[in-house]
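Trainee: So the chains spell out like this:
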Amino acid sequence: MIDFEYEAPTTLENATELLASHAGKTAILAGGTDILVQLREGHRSVDLVVDVKNIPDLNTLNWSSETGLTLGASVACSRIFADPDVQQAYPAIVDSAQIIGGWQIQSRASIGGNLCNASPAADTIPGLMVHQAQCVIHGSRGARTIPVQDMCTGPGLNALQDDELLVELRLPAPAAQSSSAYERFIPRNEMDIAVAGAASWVQLDESKTQIVAARIALGAVAPTPVAAQEAADWLVGKPAVEDSFAQAGELAKQVASPISDMRGTKQYRVHLASVLTKRTLQRAAERAAS
Amino acid sequence: MANKRLVTTTINGEVFEFLCRPQQSLLEILRDELRLTGAKEGCNNGNCGACTVLLNGAPVNSCLVLAVEVDGAELQTVEGIACSGELHPLQQCFLEGAALQCGICTPGFLVAAKALLDENPAATEQEIRFTLAGNLCRCTGYDKIVRAIQAAGAQMQTATP
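Quick mapping for you: the protein sequence lines, in order, are chains A and B.
Sequential numbering of the first sequence, starting at 2, is according to our numbering.
Sequential numbering of the second sequence, starting at 980, is according to our numbering.
Because the hints were derived from the structure by calculation, they are not lab data.
Owing to the predicted nature of the structure, the values given are computational and were not obtained by experimental measurement.
Some hints here could point you the wrong way.
To be verified - Below, a list of computed lysine-lysine pairs in the DSSO-like style, where the Cα atoms sit at most 30 Å apart:
hint, chain 1, residue 1, chain 2, residue 2
1, A, 54, A, 26
2, B, 1123, A, 26
3, A, 209, A, 239
4, B, 983, A, 54
Based on the sequences and whatever the hints tell you, model everything.
Mentor: So this is what it looks like as structure tokens:
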């Protein structure tokens, strides 16, 4: 029978005090859509659940074309993908937030939580990576910022110290003629965990026919989401056509090191990685051109 | 064991007070404490939607909400869908369209579908199926459920406000 205390602090200071005082035996609760299942199934055991939904700093959703997006760690997916600025500037984020679970999950689950939960198959992390998100973290010793790709340190493991919490994500304002996309493969139509996922970001030249810059990140094919740097670098200067995307897909799959499990074999996941890379590059380029 | 907490919440317009332990889910309290047994436990891990309730207007899986979290919140359950003794168009259409067999998924579908139709009474089949992906049914194959929701939506569009 699981048993824990519950606190819902309203300031960052209170939150870090609580986390520090129960060092290592706390769970941070935003949407709770995975944490509560883990607690109930005995995968984690904690003395205290710290609900961070009542801290104003974690509930912000601000965008400006100069400074980009500030996204509080507790903000629910449903609020994120409904935001017109986010839809315009960060399509990969919207693509992923809209397909995590279903409506009931999206009403509660947060992108901050998806990141900190650090599932290798997390849907929103590849999009955060290609948009170069920064994680603002707060702890007893103050604040620090790390790039999103440094947050996940292993399956289900994150870079937070015992007394720390993720406050917000900061995404830079998108460059001109750029856009992004996320796609995952699942056996059903909805609700599944990604067998493989890919996010791509592409910037086109002014003629909108040539790739100026690109970023690719893969999910569910390694212990953590992983960037396909070589494939992205190769795309610079290439024409924004299907063949380029296909070749980039072949390069991208080289960073995939998946396991075989009930959702798919190693070989199938590697293949999916290349196909999803190609498709998301195509989609990102189409969006960038429009 | 952690001490019980006092929670005050509004459910279907009525104020409720209850005691609960932090680890108890909203679903558990609704059913076992408050005897609002409309919400059902189908999976207890957020996959099936049989426990769907509206929390401050948004559909959520009550199995994944801790009861302590709803202090000060407004909830709507299936028990609150009928209005002054009159069935809601959704309930009427589910009955007339035979959109249920065992009925265990039905309360969850009604709550989620009501939230959908309140936003978009003209929801298409595709939109209905996608938006209600979090509600699973083992009996019907979904077809009659979707048709009943569409029929209710049509009624809601022509009804006088």
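Trainee: Checking against the hints above, which ones are violated?
Mentor: 2
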